[in-house]
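With chain A fixed as given, assemble chain B onto it according to the hints.
Residues per chain, in single letters:
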Amino acid sequence: MMGRIKGISGPTVSVNMKGLKLYDRVYVGHAMLTGEVVRLDQDVAVIQVYENTKGLGIGEPVKSVNMPLTVRLGPGLLRGMFDGLQRPLERLREEMGPFISSGTEIYALDYLKKWSFSPLKKKGEPVTRGEIVGYVEEGPFKHFIFSNFEGRISRIMDGELSLNDTIAELEGGKEIFGCNEWPVRMPRPYSRRLSTWEPLLTGQRVIDLLFPLARGGTAIFPGGFGTGKTILEQAIAKFANTDIVVYVGCGERGNEMAEMIGEFESLKDPWTGKYLMERTVLVVNTSNMPVAAREASIYTAVTMAEYYRDMGYHVLLLADSLSRWAEALREISSSLEEMPGEEGYPTYLASRLAGFFERAGVVETLSGKIGSLTMILSVSPPGGDFTEPVTQACLRTAGAFFMLDTSLAHRRHFPAINWFQSYSLYEKVIARHFIEHVSLQWETLKERCRELLKREESLREVAEIVGSEGLQDADRLLMKVAEMIRMEFLCQNAYTEDAFSPPEKTIAKIGGMVEYYESAMAKLKQGISLEEVLKG
Amino acid sequence: MRLSEYIYSTISSIRGPLLFVEKVFSARVGEVVRIRFPEGKEMEGEVLKIDGDTVLIQAYGETRGLDIGNSSVVFTDSVKRAPLSLDVIGRVFSGSYTPIDGAPMFVPEKWVPVTGYPINPASRARPEEFIETGFSPIDGLNTLVKGQKLPIFSSAGLPSKELAAAILKNSRLGSETGGFVVVFVAVGLTYYEYSFYTRVLEEMRTGFVAFANMADEPVVERLLAPRFGLTVAEYLAFEKGMDVLVVITDMTNYCDALREVSTAREELPGRRGYPGYMYSDLASLYERAGRIKGMAGSVTMLPVVTMPEDDITHPIPDLTGYITEGQLVLSRDLHQKGIFPPMDVLPSLSRLMQSGIGKGHTREDHRKTANLLYKYYAKGRDLRRLEAIVGRDGMAEADKLMLDFADSFENEFVNQGVVRRNIQETLDTGLNLLRRFSLE
Numbered sequence: 026m027m028g029r030i031k032g033i034s035g036p037t038v039s040v041n042m043k044g045l046k047l048y049d050r051v052y053v054g055h056a057m058l059t060g061e062v063v064r065l066d067q068d069v070a071v072i073q074v075y076e077n078t079k080g081l082g083i084g085e086p087v088k089s090v091n092m093p094l095t096v097r098l099g100p101g102l103l104r105g106m107f108d109g110l111q112r113p114l115e116r117l118r119e120e121m122g123p124f125i126s127s128g129t130e131i132y133a134l135d136y137l138k139k140w141s142f143s144p145l146k147k148k149g150e151p152v153t154r155g156e157i158v159g160y161v162e163e164g165p166f167k168h169f170i171f172s173n174f175e176g177r178i179s180r181i182m183d184g185e186l187s188l189n190d191t192i193a194e195l196e197g198g199k200e201i202f203g204c205n206e207w208p209v210r211m212p213r214p215y216s217r218r219l220s221t222w223e224p225l226l227t228g229q230r231v232i233d234l235l236f237p238l239a240r241g242g243t244a245i246f247p248g249g250f251g252t253g254k255t256i257l258e259q260a261i262a263k264f265a266n267t268d269i270v271v272y273v274g275c276g277e278r279g280n281e282m283a284e285m286i287g288e289f290e291s292l293k294d295p296w297t298g299k300y301l302m303e304r305t306v307l308v309v310n311t312s313n314m315p316v317a318a319r320e321a322s323i324y325t326a327v328t329m330a331e332y333y334r335d336m337g338y339h340v341l342l343l344a345d346s347l348s349r350w351a352e353a354l355r356e357i358s359s360s361l362e363e364m365p366g367e368e369g370y371p372t373y374l375a376s377r378l379a380g381f382f383e384r385a386g387v388v389e390t391l392s393g394k395i396g397s398l399t400m401i402l403s404v405s406p407p408g409g410d411f412t413e414p415v416t417q418a419c420l421r422t423a424g425a426f427f428m429l430d431t432s433l434a435h436r437r438h439f440p441a442i443n444w445f446q447s448y449s450l451y452e453k454v455i456a457r458h459f460i461e462h463v464s465l466q467w468e469t470l471k472e473r474c475r476e477l478l479k480r481e482e483s484l485r486e487v488a489e490i491v492g493s494e495g496l497q498d499a500d501r502l503l504m505k506v507a508e509m510i511r512m513e514f515l516c517q518n519a520y521t522e523d524a525f526s527p528p529e530k531t532i533a534k535i536g537g538m539v540e541y542y543e544s545a546m547a548k549l550k551q552g553i554s555l556e557e558v559l560k561g
Numbered sequence: 002m003r004l005s006e007y008i009y010s011t012i013s014s015i016r017g018p019l020l021f022v023e024k025v026f027s028a029r030v031g032e033v034v035r036i037r038f039p040e041g042k043e044m045e046g047e048v049l050k051i052d053g054d055t056v057l058i059q060a061y062g063e064t065r066g067l068d069i070g071n072s073s074v075v076f077t078d079s080v081k082r083a084p085l086s087l088d089v090i091g092r093v094f095s096g097s098y099t100p101i102d103g104a105p106m107f108v109p110e111k112w113v114p115v116t117g118y119p120i121n122p123a124s125r126a127r128p129e130e131f132i133e134t135g136f137s138p139i140d141g142l143n144t145l146v147k148g149q150k151l152p153i154f155s156s157a158g159l160p161s162k163e164l165a166a167a168i169l170k171n172s173r174l175g176s177e178t179g180g181f182v183v184v185f186v187a188v189g190l191t192y193y194e195y196s197f198y199t200r201v202l203e204e205m206r207t208g209f210v211a212f213a214n215m216a217d218e219p220v221v222e223r224l225l226a227p228r229f230g231l232t233v234a235e236y237l238a239f240e241k242g243m244d245v246l247v248v249i250t251d252m253t254n255y256c257d258a259l260r261e262v263s264t265a266r267e268e269l270p271g272r273r274g275y276p277g278y279m280y281s282d283l284a285s286l287y288e289r290a291g292r293i294k295g296m297a298g299s300v301t302m303l304p305v306v307t308m309p310e311d312d313i314t315h316p317i318p319d320l321t322g323y324i325t326e327g328q329l330v331l332s333r334d335l336h337q338k339g340i341f342p343p344m345d346v347l348p349s350l351s352r353l354m355q356s357g358i359g360k361g362h363t364r365e366d367h368r369k370t371a372n373l374l375y376k377y378y379a380k381g382r383d384l385r386r387l388e389a390i391v392g393r394d395g396m397a398e399a400d401k402l403m404l405d406f407a408d409s410f411e412n413e414f415v416n417q418g419v420v421r422r423n424i425q426e427t428l429d430t431g432l433n434l435l436r437r438f439s440l441e
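Chains A and B, in that order, give the protein sequences. Using my numbering, the letters of the first sequence map in sequence onto residues 26 to 561. Using my numbering, the letters of the second sequence map in sequence onto residues 2 to 441.
Next up, chain A with everything else stripped away, as it sits in the complex (with noise of 0.2 Å):
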């Protein structure tokens, strides 16, 4: 099928082409630009092209190919850096130069290479839909193949393949490969959703205590510039406990992902003692690459995630940020000509970040294991000011909020998560779990610990006006052991070996402040000055 461009504006082309079928992918131009059918008007059909438009003419042509924008799904990708369409960096970079021009297609996956291939089911067994078939070793995990039929398998291999060899056949003819394609915005289908119980240990104390994240839940954390996002964000992924880690560079920089797959290669996972890189797959889309790719990007890198959580793993994303995905959905919203909501972002951006977030979730996978994928995003607002629609309507699904606050970080207090302002709807799930495996002290701690601080808040008022020399012995007390709790409990510096804290550690830190102050307030009681007792 084939039309000619009518009309070009900013990312999207508009075609004269009959047959179309929504959410179509097509090649525009001579060079063969990839994109999107997004809109259909009786003989005319809107594209959403997701590489730059400049040079594009009229009159060029349009070719579909009747099938919707996917991803590839098999083994190697994890190591991978992939752009929004999932299109391998590293291997543009060696066929195209350190520059990255638009219409070039190479395949996310290397069809050559040859995997160890260890089959789980014979010949003559049956086998369903999803179910596993073998495996593969990628790295340290064992990568499951899944069957896309149901029947009897008649022939299935073992030994090396490689993702063009057929792994498996069935009886009357249909064949099973080490590699699919899903189309990115469909969700991939699990037998049920589980409800969450297990904590995601992130190794920052102020999460893990005080507002802690459930394997399976979707956190946001939005703050200006300069409050530590993406240094947070790259914390979690280099120590929280989990399997695998898909990591989403959404309109950043690209100087620091430069850094950070440096910083990836050299790094070991305090769980596993592994490379990090090896269980990371990353999808980078800097502010200066494609605008509508950056929009694919999210979906790209969810889909990858989801893959993976169907082997029955613990997976993780992380996306850096937000607000560019949602910026980049305005700007394709408005060259298509529609009516603006608030701050001119579409009125369909909270229905959108619903659908995505409910992507995340512990569930029950088609082949019977259990699986989970969890969100951490974040969210950078313009002037730092939340009451913008992108933070807005992502709270309204988000099961945590850790706000990030300018003042904190001003006072270079990192992580700047805000202690009062942040809330995690998981807490009382997971409690348990802490009690039961870590510290039974662990609800009592988190509890002194918040009280120590919201005194503090309130007798610093007090101390701004009558000055700390004005306060009583037992508040100055209260006001130094909370400083602590700020300074060594609550602050963890991103590049030393505190950086991560387990949970033995983080609870044993806070108890041992705890029992300072409560011995410290003995001693004040028998009468001992503060003096005497900050000393001994």
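These are computed hints drawn from the structure, not numbers from a lab. None of these values were measured; they are calculated from a predicted model. One or more hints might be untrue.
[Unchecked claim] Here are the simulated lysine-lysine pairs, DSSO-like style, with alpha carbons at most 27 Å apart:
(1) Lys338/B to Lys534/A
(2) Lys360/B to Lys293/A
(3) Lys199/A to Lys146/A
(4) Lys479/A to Lys380/B
(5) Lys31/A to Lys24/B
(6) Lys294/B to Lys46/A
(7) Lys360/B to Lys294/B
(8) Lys534/A to Lys380/B
(9) Lys43/A to Lys50/B
(10) Lys376/B to Lys505/A
(11) Lys380/B to Lys338/B
(12) Lys43/A to Lys138/A
(13) Lys360/B to Lys505/A
(14) Lys139/A to Lys167/A
(15) Lys560/A to Lys294/B
(16) Lys79/A to Lys24/B
(17) Lys293/A to Lys24/B
(18) Lys338/B to Lys293/A
(19) Lys111/B to Lys79/A
(20) Lys369/B to Lys505/A
(21) Lys88/A to Lys50/B
(22) Lys294/B to Lys138/A
(23) Lys31/A to Lys369/B
(24) Lys167/A to Lys148/A
(25) Lys479/A to Lys376/B
(26) Lys380/B to Lys560/A
(27) Lys534/A to Lys369/B
(28) Lys88/A to Lys24/B
(29) Lys338/B to Lys560/A
Positioned in the frame of chain A, the structure of chain B alone reads:
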């Protein structure tokens, strides 16, 4: 490829810098056109949007004198390109790349599209080579590294041009390999400011290239000048292996020009009337800074942003800060105290500092010293608010010490006038300060 140029005299409407041309047979987005005035004068323009056979064109110049009927538009079938050669060094051009230094145009070695191509994130090299600017609050606390983009956030009336000029004069790169060149881009500058900068450029020992769009020159040229500058910078860095420092002043004028054109196009305005795509547009400039694996040169960027109403949350500094790797914030308060550079180190930040300091880059104790200086200065600043309420006498001895430290920090560490300090001197000044207050 078209075999001949097409000339249309079917202009149907003219709105400020925008022209609508009808019955166009063949056109491409981004194509350069030549607009012919009735009296024969020519001016360049670019195709922005195509809708059937109607084409929207943005003129790169003053459209006064154009009419409907006698004016015509020539379609050239090529995108906007910049001529490049090593001979650009030492030259001064207008915002539309015409020589204004009296010498004739050089013979180009090649022509390259001005929008450039995004650097593949996989081919970026980690920025980790220290650049010594000679200023303690920058070198010591907000270190600049090669390939970084670090804007100066200034306010009306603050000495941002003196600071930018001093950085131009004093900067030393960690390693001198292929040479060091400054690309200076003036966007909507007044003659007074411009002549200040030209004096500085002439006194410099290193090579420079300047693009100057003055305050009374066409607004649309302001969108073009930074792109010419960066295309030249990329050429010198990644083809000729030079270390290039790009200074663009003032980005606020650039953004206002963007807004002016967007309004003429009747686009939906975003915050404060700036277009919704301003983030992507700014990123297409700022992200051109960087280093590439296996290549010698680098592009480092130092844009100057004037914050309207001293407001750091205004869309221009706000979006800039989200793209750049930190910011250097100037403070009116320090300027009034007579401190130069009047840099407020608390809201300032260099995101790439970590990889450019320490052993092998600057000095082993750099991080530790910087952290301590930050910590105690922040504390001192906090206490100033308390001092304003209870008075100095009502404060504890330890608090008074912090107050004195904050004052000495501003007067001795931040304040250095035009004297250049090398990194050893900077760190020693900081250490001595800490020692004197027994805070080490």
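These are the hints, each one checked on the structure:
no. : hint                 : result
1   : Lys338/B to Lys534/A : violated, 44 Å
2   : Lys360/B to Lys293/A : holds, 23 Å
3   : Lys199/A to Lys146/A : holds, 16 Å
4   : Lys479/A to Lys380/B : holds, 21 Å
5   : Lys31/A to Lys24/B   : holds, 13 Å
6   : Lys294/B to Lys46/A  : violated, 43 Å
7   : Lys360/B to Lys294/B : holds, 22 Å
8   : Lys534/A to Lys380/B : holds, 24 Å
9   : Lys43/A to Lys50/B   : holds, 23 Å
10  : Lys376/B to Lys505/A : holds, 17 Å
11  : Lys380/B to Lys338/B : holds, 20 Å
12  : Lys43/A to Lys138/A  : violated, 40 Å
13  : Lys360/B to Lys505/A : violated, 35 Å
14  : Lys139/A to Lys167/A : holds, 15 Å
15  : Lys560/A to Lys294/B : violated, 55 Å
16  : Lys79/A to Lys24/B   : holds, 21 Å
17  : Lys293/A to Lys24/B  : violated, 63 Å
18  : Lys338/B to Lys293/A : violated, 49 Å
19  : Lys111/B to Lys79/A  : holds, 20 Å
20  : Lys369/B to Lys505/A : holds, 24 Å
21  : Lys88/A to Lys50/B   : holds, 22 Å
22  : Lys294/B to Lys138/A : holds, 26 Å
23  : Lys31/A to Lys369/B  : violated, 61 Å
24  : Lys167/A to Lys148/A : holds, 21 Å
25  : Lys479/A to Lys376/B : holds, 23 Å
26  : Lys380/B to Lys560/A : holds, 22 Å
27  : Lys534/A to Lys369/B : holds, 24 Å
28  : Lys88/A to Lys24/B   : holds, 26 Å
29  : Lys338/B to Lys560/A : violated, 40 Å
Checked against the numbered hints above, the structure breaks hints 1, 6, 12, 13, 15, 17, 18, 23 and 29 and satisfies the rest.
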